[in-house]
Each structure stands twice: as C-alpha cells, then as structure tokens.
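Same order as they appear, the protein sequences are chains A and B. Residue numbers for the first sequence follow our numbering, beginning at 1 and rising by one. Residue numbers for the second sequence follow our numbering, beginning at 1001 and rising by one.
Hints were generated in silico from the structure; no laboratory data involved. All of these numbers come straight from a predicted model, not from anything done at the bench. Certain hints may be false.
[Said to hold, decoys possible] Derived DSSO-like pairs: lysine-lysine, alpha-carbon spacing no greater than 27 Å straight-line:
| id | chain 1 | residue 1 | chain 2 | residue 2 |
| --- | --- | --- | --- | --- |
| 1 | B | Lys1159 | B | Lys1059 |
| 2 | B | Lys1167 | B | Lys1148 |
| 3 | B | Lys1159 | B | Lys1148 |
| 4 | B | Lys1171 | B | Lys1159 |
| 5 | B | Lys1159 | B | Lys1240 |
| 6 | B | Lys1240 | B | Lys1148 |
| 7 | B | Lys1240 | A | Lys48 |
| 8 | A | Lys48 | B | Lys1171 |
| 9 | B | Lys1061 | A | Lys48 |
| 10 | B | Lys1059 | B | Lys1148 |
| 11 | B | Lys1061 | B | Lys1240 |
| 12 | B | Lys1240 | B | Lys1059 |
| 13 | B | Lys1240 | A | Lys41 |
| 14 | A | Lys41 | B | Lys1167 |
| 15 | B | Lys1061 | B | Lys1159 |
| 16 | B | Lys1159 | A | Lys41 |
| 17 | B | Lys1167 | A | Lys48 |
| 18 | A | Lys48 | B | Lys1059 |
| 19 | B | Lys1061 | B | Lys1148 |
| 20 | A | Lys48 | B | Lys1159 |
| 21 | B | Lys1148 | A | Lys48 |
The chain contents come next:
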Amino acid sequence: MSTEKGKKRGTLVYLMPLAAALPLTGLLAWAMIRYSPVIRKLIGILIKLAVTA
Amino acid sequence: MSGQKNPCALSRALAWILAFMLAGTLAVTIMSAGAGTALSSEDLHVRASVSDSVVREQKEKIDARIRELAEEYAFSTDAVTGTITEETIRELDQEYARWWTRIVNEGVIGDVPEWSSAELENAIAENMEAAGENAAERAGEAAGAIEKTIHETLMPVRKALITLGLKFIRKRIDLPSAIRLLGQLPLAGAAFCLALAGLIALLTARKTRLGLKYFGTAAAGAGLSVIAGFIMVSLLGIPKMILESSVVLGHQADILIRPVATGCVLFAAMLIAGGFLLLYLYRNGKPKARRTEAAA
Chain A
1 MSTEKGKKRG TLVYLMPLAA ALPLTGLLAW AMIRYSPVIR KLIGILIKLA
51 VTA
Chain B
1001 MSGQKNPCAL SRALAWILAF MLAGTLAVTI MSAGAGTALS SEDLHVRASV
1051 SDSVVREQKE KIDARIRELA EEYAFSTDAV TGTITEETIR ELDQEYARWW
1101 TRIVNEGVIG DVPEWSSAEL ENAIAENMEA AGENAAERAG EAAGAIEKTI
1151 HETLMPVRKA LITLGLKFIR KRIDLPSAIR LLGQLPLAGA AFCLALAGLI
1201 ALLTARKTRL GLKYFGTAAA GAGLSVIAGF IMVSLLGIPK MILESSVVLG
1251 HQADILIRPV ATGCVLFAAM LIAGGFLLLY LYRNGKPKAR RTEAAA
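Just chain A, same shape as in the assembly:
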C-alpha cells in the first residue's frame, strides 16, 4: 500500500517542472490575453512612426 503511494508520489515529481513554469507562463498568458490588442496596436504605431516609408 505504502509502496503504491510512494510510486505515485514519485511519478508526480515529473509534473513539478510544469508547476514551476506555471507562475511566469501564467502571468505572460494573462498579459497576452488581456493586453494583446493594446500591445499590437502600440507596436504597430511605433513601427509606423519609426520606419521611413
């Protein structure tokens, strides 16, 4: 019983990198979903302003 539990817990360790990547990736994903149109518009304006026709 305890060996089964130990095996499960041991396998779960492989999922920890996903959990470690989640805070930063989640923040980026949230920023992308929330501000993507604004960021795109801002970058578009900057490029238009900076690049000579």
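Following the hints, put chain B in place on chain A, whose structure we already have.
Below, chain B alone, put in the same frame as chain A:
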C-alpha cells in the same frame, strides 16, 4: 537506518518556493540576455546588414528609384546605377550597423554615416539627355533625391526619431551608466540564480539526492517558461508587422532575431532535458542506506 534525517516540512516548503523562484529568475535572465544580444551585438547587426539578400533588395530599391527619377529628369540610367555598387551599399550598411550599436552600447550619438553624392551628380549630369542651362541644378536635385533614398533604404528607421528619443532620455538619466547597468542585468540574474541554488543546497544539505528534485524542477521549469514565452511573443506577429512596414528592415530583423531565438530555445531545451534527467536520477537513484544494504 540511514542516520540522516529528512529535512523538516518547513525546509521542504522553503526549498519548493526557492525552486519556483529559481525557475522564474532563470527564465527571465535567459530571455533578457537574448533580447540584450539582439539589440546590441555589433557582430549580429553587421551580419544582418551586409547579408547578400538584404544588400540585393536594397540595391533593387535604389535602382528602382533611379529609374523613376531618370524618367522625371531625363537621364540614362545605366551609368548612374553603376556608380552605386553592392560594395558601396555593403560598406555604408556596416557603418550604419556600427553607428547603431554604438548608440545602444555606449549611449553615444556618433556622426551619422554620410555618403558623398558628388560622383553620382557628375554621372547624372554627364548622362542627361537635354543638357540645358539648369542641367547641373537638375542633376543636383536628382542626386539629392537618390541620396535620400539610399539613406532611407540603408537605415529604414528614422534617424531624427532616434536622436530625439536619445536627447529626451539623456535629459533625465545618465545614459552611458544606465546602459552599462542594463548590460550587467543578465550577470546579476545569473548571480541571483546561483544564490537561490545555494540556498536550496543549504536547505537539503543532509539529503543530497533530495536536492536533485528541486534543481531538476527549477531547470526544467525555466526551460518550459522560456519556450512558452517565445511561443506567446511570436503569436504577436511583430516580424510580420515590421515586414509590412519595410521589406528590408523586416529581413534584417529576421536575420537578427533568428540566431538569438534559436540559441535561446536550444538552451531552454537543454535545461528541460537536464532538469528531467535530474528528476529521473532523483526518482531512480537509490538512497545511501539502501545502497549500503544492497552491498552487504
């Protein structure tokens, strides 16, 4: 009995927090180092500027403008296009790349690269179909327009905007020292990562094998974050937007970004592989007590 105690719950919780922090810091450090290299590496900028395909496109654009002006000012194009060779364009490209990297690396607005249009003016004047009183004046006008096109093609970003922006920033901060500080940020990030790794090692010092779990998680987590970050940034479609504004600049940006992005993604892949290897070693390596028992 191993004779070694497992770290207490608080130590393990702290080690997890530190491992998550290490993953985030490592990912941010890698991404900022990549962005810094793309923005300031003189070698990369020169390589992107003097690339054969870019120079060919620039030459075609300049030649097209010369043909337009030839119709307007009535001169034969062959001799005029011959004065602006790919070699001339390549040299000017290099000067522009160095001018830009000096701004980014030292915060110094050096002299904007110049190109004398005297030879071009002579070539236009000699090849004008109707040489009248104001032929020299018209040749000068046409040469001026071609010179403007050359500078705009070779440096598609408005120089006035760069100079204005730099003047604005310089009024507020000491730019050279700020740039030096920014250049050291990846190093500071790496130092912070080492400090975090050291703290994890301290928390798990009694159980070295346990440390593998935290280091593996941090390394693979950082790699996954970097790759996810790259995917999300690429979804913004910035290179496409640049390409729509200027084909030459788009290709230059592509040549510039590709090796940096490839390097970062490969490094991230190595981190993921290394991280999972550490986790495998943690999972399958036998604790010291069991090894001693097995040997007995």
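### Task
Of all the hints given earlier, name the ones this structure violates by number, lowest first.
Hints that this structure does not satisfy do not exist here, as all of them hold.
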